[in-house]
Every structure is written in C-alpha cells, then in structure tokens.
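*Asks:* Throw the hints in and build the complete structure from the sequences for me.
Each step along the sequence shown adds one to the number in our numbering, with nothing skipped, and position 26 is 10.
Hints in this document: simulated from the structure, not taken from any laboratory.
One should not assume that every hint holds.
Said to hold, decoys possible - The calculated SDA-like cross-link candidates involving lysine to any residue, where the alpha carbons are at most 25 Å apart (straight line), are:
1) K75 to Q10
2) K75 to A54
3) K75 to D91
4) K75 to L47
5) K75 to G100
Quick caveat, the model's predicted, so the values are computed rather than measured.
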Amino acid sequence: MTLGLEDRLAIGELIALHGHVVDDGQLDRMDELFTPDIVYDVSDFGQEPLVGLAAVRDAALALGDGNPVAHHVTNIVVREEADGRVRARSKGLGVRADGTCGSVTYDDVLVRTPDGWRISHRTLTARRVPLNGVHRSG
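*Replies:* As structure tokens, then:
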C-alpha cells in the first residue's frame, strides 16, 4: 500500500481529533479514534498498558481533575513501514488546570477500517529532560 495525500490528511485529522474529543469530555467517541482492541501504552508513567476502549475511557475518568484541560498535538509525521504498517509520531502538550504543562511523544500504529483510519496501538513517552538527556561530550 502506498499512502496518498488523502490518507495522510485523514491520519493527521484523526490524531488532532483526539485532543478535541478528550478536552470536550466526549469519551463515548473514543471508537472514532481507536480500534476496539486498542493498546494504549502508558508504562512510561508507571502504569500497565491499557487494553480496549473501555479501559482507556475508564482511565480518563479515574484521572478526573488530574486530566489536562487542553491537549495540543503537533509535529505529526506519518510513515509506511516495509511490512505495510502505518505509523505516526507526534508531539503532545498538555495544559493542566493550574497552568503547568507537560510534554509527550505519541507513537502510533494505525489501521484502515471500514469506518476510516483508527489507532490500534499508542505509546506515550513523557519528555522530562531537554534533548532527551543527550549531553555535549568534550
């Protein structure tokens, strides 16, 4: 499969939609973003990966007021792998109610479904140090 412009645009829209759905509290729309068997890997945050739409919804509800009030996604890069998988990498900025921010990288595996593109696997990696910890040698 060769990804055309329409596919790339649709994938970018899908990734951007996540922030709107979550920030608007429309957790019943998660099926527009993820496959039913989504693996949402939050192990970098000390938790087990979430499996399935219900687990992702329940985790968002359990976080309650700890959820960011604004999810901003940017720098979306889409690529097709040699094995035919489609991957996307993007940056996420979360603004909390107290005004503090956090930064993550989303690494996604996407699949085309009869209803359009969906994320089947998402890994969140927190950005905690500049340059990912790389220091100048010398």
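*Asks:* Can you confirm whether the C-alpha distance between K75 and G100 stays at or below 25 Å?
*Replies:* Since the Cα atoms of K75 and G100 sit roughly 22 Å apart, the hinted pair holds (cutoff 25 Å).
*Asks:* For a C-alpha distance cap of 25 Å, please report whether K75 and Q10 respect it.
*Replies:* 22 Å, holds
*Asks:* Would you mind confirming whether the straight-line C-alpha gap from K75 to A54 stays at or under 25 Å?
*Replies:* 14 Å, holds
*Asks:* Given the hinted pair K75 and D91, is their Cα-Cα distance within 25 Å?
*Replies:* This hinted pair holds, its Cα atoms lying about 9 Å apart.
*Asks:* Does the alpha-carbon distance linking K75 and L47 stay inside the 25 Å limit?
*Replies:* Measuring from Cα to Cα gives roughly 21 Å; hence the hint holds.
Against the hints set out earlier in the document, no violation occurs for any number.
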